[in-house]
Amino acid sequence: MFIKTSVFKRILKDAWKGAGLTVGKKEEMYFIQGAYWILFVYEKDFTSKNKAAVIELVGDLPEEGEVYRAYEKGKKQYELKVRDEWEYKKWLSARDRYEDTEIKYRGMAVLQNVETKEMSYIPDQILELVSLSETGEYEDFPTGPMGMGYFVLWVNETGMLLTVKTPANEDNMDGRILKALSGLEMK
58 MFIKTSVFKR
68 ILKDAWKGAG
78 LTVGKKEEMY
88 FIQGAYWILF
98 VYEKDFTSKN
108 KAAVIELVGD
118 LPEEGEVYRA
128 YEKGKKQYEL
138 KVRDEWEYKK
148 WLSARDRYED
158 TEIKYRGMAV
168 LQNVETKEMS
178 YIPDQILELV
188 SLSETGEYED
198 FPTGPMGMGY
208 FVLWVNETGM
218 LLTVKTPANE
228 DNMDGRILKA
238 LSGLEMK
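Numbering of the sequence shown is given in the working numbering, commencing with residue 58 and proceeding in unit increments.
One or more of the hints may lead you astray.
DSS-like cross-link-like pairs, simulated, lysine-lysine; straight-line CA separation at most 27 angstroms [unchecked claim]: (1) K83 <-> K133; (2) K161 <-> K83; (3) K83 <-> K70; (4) K106 <-> K82; (5) K83 <-> K101.
Derived Cβ-Cβ restraints for the label pairs, each shown as a range [as the list claims (entries may be wrong)]: (6) S105 <-> D153: 31 to 37 angstroms; (7) S190 <-> N226: 19 to 25 angstroms; (8) D141 <-> I112: 23 to 29 angstroms; (9) E196 <-> V64: 14 to 20 angstroms.
Rather than coming from a laboratory, the hints here were simulated on the basis of the structure. On a predicted model such as this, the values are computed, not experimentally measured, just so you know. Idealized CB from N, CA, C, for every residue including glycine.
All chains, please: the whole structure from these sequences, using the hints.
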């Protein structure tokens, strides 16, 4: 899969130490969620090294239909209700195209909507996580970033990486900076 293992380990650990690391399995696909990201990966395409990174923190991988949240301190919390954002197929309809502007600001990367020229922030660790060199021999490069609502994603036949994007908000300095950049051609 197109995920850089060293960065994956880092964001897994951050989630596990913070708000919790949610891990589930539905329709032969694992989903792993931190505070601002979700990784979907088909069981058959989940590499041993990435599986090991998850197991190292949470102890084991869930069975089909099982979802739990694990924390550094405390027991696993088993989730009973499947949440809307864990529906992999829903995200496949994302059509808004985004480009990386290569602008970084306070741990965030700036993406630009190709059509509207709107600017949004995403955590820069997400761009580090997407790695074309990690794609398998018969695996397509991921498509993305593509947007849908407040999310952007990268996807190929092995799975999907989804993250929250923050649009321009004129109520704060970060938003005013994005607003000032909006509309500019960033090529």
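For each hint, the structure was consulted:
1. K83 <-> K133: The hint holds at about 18 angstroms.
2. K161 <-> K83: 35 angstroms, violated
3. K83 <-> K70: 23 angstroms, holds
4. K106 <-> K82: The given pair, whose Cα atoms are some 18 angstroms apart, holds under the 27 angstroms limit.
5. K83 <-> K101: Holds - the C-alpha atoms of K101 and K83 are around 13 angstroms apart, at most 27 angstroms.
6. S105 <-> D153: 31 to 37 angstroms: Holds: the Cβ-Cβ distance is about 34 angstroms, inside 31 to 37 angstroms.
7. S190 <-> N226: 19 to 25 angstroms: 35 angstroms, violated
8. D141 <-> I112: 23 to 29 angstroms: Hint holds: Cβ distance 27 angstroms, inside 23 to 29 angstroms.
9. E196 <-> V64: 14 to 20 angstroms: This hint holds: roughly 18 angstroms between Cβ atoms.
Checked against the numbered hints given earlier, the structure breaks hints 2 and 7 and satisfies all the rest.
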